[in-house]
Amino acid sequence: MVITVLARSKPGQPRSTTNIFILNLSVADLSYLLFCVPFQSTIYMLPTWVLGAFICKFIHYFFTVSMLVSIFTLSAMSVDRYVAIVHARKSSSIRVGRHAMFGVVLIWILSLAMAAPVAHYQGIVVREDNNTFCWEVWPDHQRKVYVMCTFVFGYLLPLTLISVCYAKVLNHLHKKLKNVSKKSELSKKKTAQTVLVVVVVFCLSWLPHHIVHLWVEFGSFPLNQASFLFRMVAHCLAYSNSSVNPIIYAFLSENFRNSYKQVFWCRLPSKCPVKDTRELRSRMETAPSTNISVTYKGHDSQISKML
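Numbering of the sequence shown is given in this note's numbering, commencing with residue 918 and proceeding in unit increments.
Keep in mind the hints are simulated off the structure, nothing from the lab.
Virtual Cβ for every residue (Gly too), placed ideally from N, Cα, C.
Any given hint could turn out to be false.
Unchecked claim - Computed Cβ-Cβ distance ranges for the label pairs, DEER-style:
# : residue 1 : residue 2 : range
1 : W1132     : A1033     : 20 to 26 Å
2 : R1006     : S1160     : 22 to 28 Å
3 : T959      : R1006     : 22 to 28 Å
4 : K1106     : V1133     : 26 to 32 Å
5 : K1106     : Q1059     : 42 to 48 Å
6 : L968      : K1085     : 45 to 51 Å
7 : L1023     : L1073     : 45 to 51 Å
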């Protein structure tokens, strides 16, 4: 739904940088739900891995890619809002679609590269009882380095950047409240609020996932029913983040709700505004007389009518 609404921009009107980033985030979320969740759910439903080596590598690789794309996109969105609100005069030359598209391409390249070690070391492990499992087999201490790098560069530093950007945005809005019209200020606040809620939900959704990985590598992760339940909850929270973003857009973004009505609501003839029909009829009635050639089905001749 989000992809459909954002992709259908008005003819001749360029997409905003915010919509480009939200569209990229939605594509990553949808890809994750389609390509990762159905296969990863078999880990908890089946006693062994039965989907082969390629699926084993792919789902864990794309799991990491989608996580990195999400956090990098949210970071880019926070910088975009910072420029739009704090540096409004310069934003018209900085916040252009070309720059946003370049940022999206860079985000995917970085994410694909940072997740490459997961695809390399993920594989099938066969135990003595001939049961197969999809597991990561890393050389000594290299997995600890990778887990820490992923946590720092894929979670901690982006969240620090996001927090700094929004702190500056809120400080600017507080100081400049009297110098900006109420309508413009309200619009900026709603946009910042939408992105901020998305970021907070992302933090809460992915934090348990990082806690599990850090606990396994640097602590003593217990193998009992409680730890299994905690790990499953961490996975479910990560899954839920990909499906909750559209709900946030729908409830907090007025522009999204208006675009949604234009795309879906007016597809029903009875729901389209009557005003547009009256305007069209008025234009037809006041238009100058024109000779129009009309072809009627079932007849070979053309009848010229004067309107």
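Structure-based check of all given hints:
no.: 1; hint: W1132 to A1033: 20 to 26 Å; in the structure: 24 Å, holds
no.: 2; hint: R1006 to S1160: 22 to 28 Å; in the structure: 38 Å, violated
no.: 3; hint: T959 to R1006: 22 to 28 Å; in the structure: 54 Å, violated
no.: 4; hint: K1106 to V1133: 26 to 32 Å; in the structure: 41 Å, violated
no.: 5; hint: K1106 to Q1059: 42 to 48 Å; in the structure: 46 Å, holds
no.: 6; hint: L968 to K1085: 45 to 51 Å; in the structure: 47 Å, holds
no.: 7; hint: L1023 to L1073: 45 to 51 Å; in the structure: 20 Å, violated
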